[in-house]
Structures are given as C-alpha cells and as structure tokens.
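Residue numbers (this note's numbering), protein chains in the order written: chain V, 1 to 381; chain P, 1 to 254.
A short list of chain V residues far from chain P (calculated; beta carbon distances all over 12 angstroms):
id	residue
1	R156
2	N162
3	R356
Some, not all, of what chain V presents toward chain P, calculated at C-beta under 8 angstroms:
id	residue
4	H84
5	S88
6	D89
7	R91
8	L92
9	G119
10	V123
Treat the hints as calculated values from the structure; they're not laboratory data. The beta carbon of each residue, even a glycine, is placed where N, CA and C say it ideally should be.
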Amino acid sequence: MADGNAAMLLIAGLAAAAVVALAAALLLARRLRRSAPGAAPSMAAAGGDAERDLLAAFEDPLLVVRERRVLIANQAARDLLGAHIEGSDVRLAIRHPAAAEHLARDEDGGAPVRIELVGLGAVGRPWELLIAPLPGGSRLVRLVDQSQARAAEQMRVDFVANASHELRTPLATLIGFIETLQDEAAVDPATRQRFVAIMAGEAVRMRDLLDDLMSLSRIEADRFAAPRDTVDLRPLIEEVRDALKPSAEGRPIRIERGKSEALVAGDRGQLAQMLTNLVVNALKYGRPGSQVRVRLADAGPDLVSLSVIDRGEGIAADHIPRLTERFYRVDPGRSRQVGGTGLGLAIVKHIVLRHRGRLEIRSKVGEGTRVEIILPRAAQA
Amino acid sequence: MKTNFWPQWLKRNGPAGADPAGGLEEEVDTLRGTICEMGGLAEVAIRDAMEALVRRDHEAAAAVVRRDRKIDALETEIERRVVEIIGRRAPTETDLRDVVAALKIAGVVERIGDYAKNIAKRVASVEDSRIRPLSLLPEMARIAAEMVHDVLDAFAARDPKKAAAVCERDAAVDDFYNSIFRSLLTHMMENPHNITPATHLLFVARNLERIGDHATNVAEMVYFAATGEYLGDRHKGADTTSIGADAIGAGAHG
Numbered sequence: 001m002a003d004g005n006a007a008m009l010l011i012a013g014l015a016a017a018a019v020v021a022l023a024a025a026l027l028l029a030r031r032l033r034r035s036a037p038g039a040a041p042s043m044a045a046a047g048g049d050a051e052r053d054l055l056a057a058f059e060d061p062l063l064v065v066r067e068r069r070v071l072i073a074n075q076a077a078r079d080l081l082g083a084h085i086e087g088s089d090v091r092l093a094i095r096h097p098a099a100a101e102h103l104a105r106d107e108d109g110g111a112p113v114r115i116e117l118v119g120l121g122a123v124g125r126p127w128e129l130l131i132a133p134l135p136g137g138s139r140l141v142r143l144v145d146q147s148q149a150r151a152a153e154q155m156r157v158d159f160v161a162n163a164s165h166e167l168r169t170p171l172a173t174l175i176g177f178i179e180t181l182q183d184e185a186a187v188d189p190a191t192r193q194r195f196v197a198i199m200a201g202e203a204v205r206m207r208d209l210l211d212d213l214m215s216l217s218r219i220e221a222d223r224f225a226a227p228r229d230t231v232d233l234r235p236l237i238e239e240v241r242d243a244l245k246p247s248a249e250g251r252p253i254r255i256e257r258g259k260s261e262a263l264v265a266g267d268r269g270q271l272a273q274m275l276t277n278l279v280v281n282a283l284k285y286g287r288p289g290s291q292v293r294v295r296l297a298d299a300g301p302d303l304v305s306l307s308v309i310d311r312g313e314g315i316a317a318d319h320i321p322r323l324t325e326r327f328y329r330v331d332p333g334r335s336r337q338v339g340g341t342g343l344g345l346a347i348v349k350h351i352v353l354r355h356r357g358r359l360e361i362r363s364k365v366g367e368g369t370r371v372e373i374i375l376p377r378a379a380q381a
Numbered sequence: 001m002k003t004n005f006w007p008q009w010l011k012r013n014g015p016a017g018a019d020p021a022g023g024l025e026e027e028v029d030t031l032r033g034t035i036c037e038m039g040g041l042a043e044v045a046i047r048d049a050m051e052a053l054v055r056r057d058h059e060a061a062a063a064v065v066r067r068d069r070k071i072d073a074l075e076t077e078i079e080r081r082v083v084e085i086i087g088r089r090a091p092t093e094t095d096l097r098d099v100v101a102a103l104k105i106a107g108v109v110e111r112i113g114d115y116a117k118n119i120a121k122r123v124a125s126v127e128d129s130r131i132r133p134l135s136l137l138p139e140m141a142r143i144a145a146e147m148v149h150d151v152l153d154a155f156a157a158r159d160p161k162k163a164a165a166v167c168e169r170d171a172a173v174d175d176f177y178n179s180i181f182r183s184l185l186t187h188m189m190e191n192p193h194n195i196t197p198a199t200h201l202l203f204v205a206r207n208l209e210r211i212g213d214h215a216t217n218v219a220e221m222v223y224f225a226a227t228g229e230y231l232g233d234r235h236k237g238a239d240t241t242s243i244g245a246d247a248i249g250a251g252a253h254g
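Chain V with its partners taken away, still in its complex shape:
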C-alpha cells in the first residue's frame, strides 16, 4: 500500500508538473504571438538577440514589426524616432498616413512595399520607407534618408532659376536704354554715346554668361569620360599669360616653373580655360599693380601642382567652402563691377573633377589668395 501511495503521489506530482509545463508553454507561445515587447527571455527564444545585434550593425534606421507592434528598433531608429518606440504601436513611431496604412494592416505581408514619405525627424525631411516580409509573419521596415538626393534635385531647380535671373538683369538694363534712345529728341549725342557704351557692356556680360553656361554644361556632360591627350603644362601657362597680357593693364604675371616636365593627361582646351579663369580672378581681385604668380611644382612622384597666387584683400574663411558654387559671390556688387559671371570657379572645379584632380583654396584676409590645383601626371608611355 505504501508503495501504491508513493506511486500515486508520483503520478500526481508528474501530472501537476506537466500541467505547469503546459501552461508555461501556452503562455510562452501566446506571448510570442503577442510579441510582448522588450521581454528578454521571449526575445531570446525567438532569436531576438541575434536579430538585434544584426540590426545594430546598420546605419539606416531599421525596425522589426509584428502585428502593429515594434519588436526591435536599432539605435539609428531610436535616435530618429525616439527611445520609446520599441514595444509600442508602430504608428507611435511612424504616423505618416501612407506608411501607417501599410504598417497597421498585417494581411498584405506578401510583397515588399516602397513608400516615399516626408517629415520623419523634422518637418519636410524626405525618406524612403521599405517594408519587407520576414519569415514568421514579422516585417522588416527600413528607412532611407533621401535628403541628399532631394538636395541635388533642388540645386538643379535653383540653378535654372538663378541663371534666368542673372540673364534678366543685363537684359532689363538693355531694354531700359533702348526705350530711352527710341525717344530721339530726349537724348543729346554725347549721352547717346554713353548709353551705347553701357549697352555694349551689358551685351558682353550676357554673352560671357551664356558662354560660361555652355562650357559648364559641356564639361559636366564629359564628367565621366577621362581625358586622353597628354598635355605639357609649361607651354600652356605661357600661352595663357600671353593671351591675358592685354587685359592685365601692365600688371606682371610671373611664371615660376619647376625643372622637370609637367605632363598631365588632359584636355588642352579645358586646362587652358581653367588656368585663364584663375589668372583672370587673380587679376580682378588682386591689388592694383601687384603681381600675379603662376607656380608649377612637383607634388609627389605622380602629381603636379599648379598654383595661382595673388596679393589682394583675400577671402574670409567662411566664404571659402562656397566659392565653387554656381553664382555664389562674396561681394555681389563688386563682382558685377568687374564683370564676373559667378561661374568662373564652378567651371574650374568641374574641369579639375574631370581630370581626377584636387582643388585647394587658401586665403588670408589682407594678404592674398592662393588657388592650388593638383593633377595626376600622365602615365609614362
């Protein structure tokens, strides 16, 4: 009997243990289904730690979502959307209507979804949201920052607007003078001469601007086609100096060239244009009478350095990063006075880019400016 009792107790004990185990299993299953957020054991059971570590390695904000709840949010996602999002309703993280609609519905778990949305993190910030189904009914949500792409688009739009604006200013002047001249009685011959001279100046300004715009677009079109000819920079510098002598108004352009050859793989016409733009700038913004130096030097075994140095007022440091932007001017009034198109350095930058080179501008206010271009030497044949 004692044995029987013991057996009964044992069986009862086993049954009780089984019930507890069953209940625990049911609870666990239920919790997994409900995806109770942030509960470490359940995440581990679902392979959550591995997933979490994996997601942490990505810089894009990433979320794992199941049944409307955010299971895992990587650091980038928590930084963008707030630390509170893990474990909460996904709409608390992303409330944009297009996304909320997709994320709140679970049944369309099949196909990946791609949504453009604006205003996560900051008003107007553009994102692309990608939803991909994962095995087991969860979904991976990835956010890709589109600000860079949009900024490039915006730049193009701004460029067209700026170019039209730049052309309109001289055109308005021209039209004004033409209207005045049409009324012959009102203008004496001396004034007429003066007006015509101004008109000629404005017409030249428009032509220069159009020329610059066209060369800029040509250079941009060739951007990925590396130039093939071999160009010696030494005779090129002399040519440019000779061509600019008439407009230098007696100011010396001194050439300091190295001993060795300076052969680069390049487009001769473009390199001449680049140098011309730099020397013209130096002449325009240097002090009257001061000399402009063009220096050619080695910059390592495979590189040639070409610098244009002026003694002038120099440029404040905060302007320097923006100098190669189209139509960026440190002093708009002065640029207009000396006949700048606002495109000179933009053209230089694009020519340098096409030649796989580097452009460095250094300047000290009150002393002068030095623009250095470093180009790779031509491969020895």
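Starting from the known structure of chain V, fit chain P onto it as the hints suggest.
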C-alpha cells in the same frame, strides 16, 4: 528572470484567460497609435492644403477635403475605444490620464483637420489674386505645421519638455497673424476688387492661427498626461517671459 518572464499585459489584469482581448496597456498603446495616425493625417492635410493654395491646384484641394473623412472616422473609433476601455477596464491614475487625454486630443486633432480642410476649400476663391501676403502665409503655415509635428512627437514619446517647447512658439504664429491681418487690410482699402480674395486669405491666416492654438492645447494635454501637473501651474510660479505668458493666454481661451 522570473519577473521578466511574465508578459507586461499580464501584470495588471490577473491570470491569462480572464482577458481574451489583450491587456490594458496594449489597448492604451493601440489607442495612442490611432491618435498618431490621425495626427499624421492632419499634418499631411495642412501641408497639402497650403501647397494647393500656393499652386492653385483645385484637385489637390479636393483631395484634402475628401481625406478629412478618414480623420473623422478615426476620431469616432477613438471615442468608441475610450468608452470601451473606461467601461470594461476601469483604468486608474496614469492609465486614466492617458485615456482621457487621448479622448480630448482626438477632438482637438479633428479640429486641426477641419481647419486644414477649410483652407483647402478656399483655394478656388483666391484665384487670380496677386496679393503679396500670400508669400507670408506659407511661412506661417510652416511654423504651425511644425508645432503640430512636434506636439505629436511629444505625445508619442510622452515628453513633457518637448510639449512645453511647442507652447513657446505659438507667439510667433500670432505675430504672423497680426502682420498678415494688417497687410491684407491695406490691400482691401487700396482696391475694392481685392476685398473678396483678401477676405479668404484672412480666413486662411485665421485658420493657421487656430491650428497653432490647438497645437498648444494638445501640448498642455500631453504635459498633463505625462506629469500629472498642469502646464500653466508650472509657468505661474516661474519668472514668466512675455512669450510664456502669451502661450498660456492663447491656450486658455482656445
């Protein structure tokens, strides 16, 4: 380990099985999610309505008006959920504050959606007007939309600091409103033909100003739900700047 083992929703409501629909916390969370969805729709409505106004895009304006129905439907859903939660769960303290705040915020967000809809409805009426304040309106709208955006972020994160910061920007919206008001009045006096479009633009500015006020109201509710204190009380004790005082004033009668 043992404490973590039990799911969150089990803690409050006793053993599993007694509660087939899920826990209170989960229900409150879904409720808050639905409010965010509403808020997202309202934000987009403000943006689209202003874009339609600037571009004179009638179709886009009509779409804003159509989409307002979705906001209304969500408000109804929130009301139903709130009643259900209070009736079945009898929430207390934090949960009760959350639930009541949700009900109130849903009402305010619905109003914000209505103002956006009203702006969209006026797109047709301001046609051909060359009145300059139109350039001030988008800037005013940007600030108002930003307030709505930030207050919804504060709501989602239960962040009282961020909510308080929203109130401080209401003064800027009010300044814009006053400036636009004066300039539109001038236009009306200059030329009687301007009166109709200028009046509509004035209402647009008024709507934006109300959106700003409502964002402030939501901010006060978020603050209360998160801390259990009134935002106004906090200000009264402190050395109030003119900006802070304005924000309270605007909120009190809004």
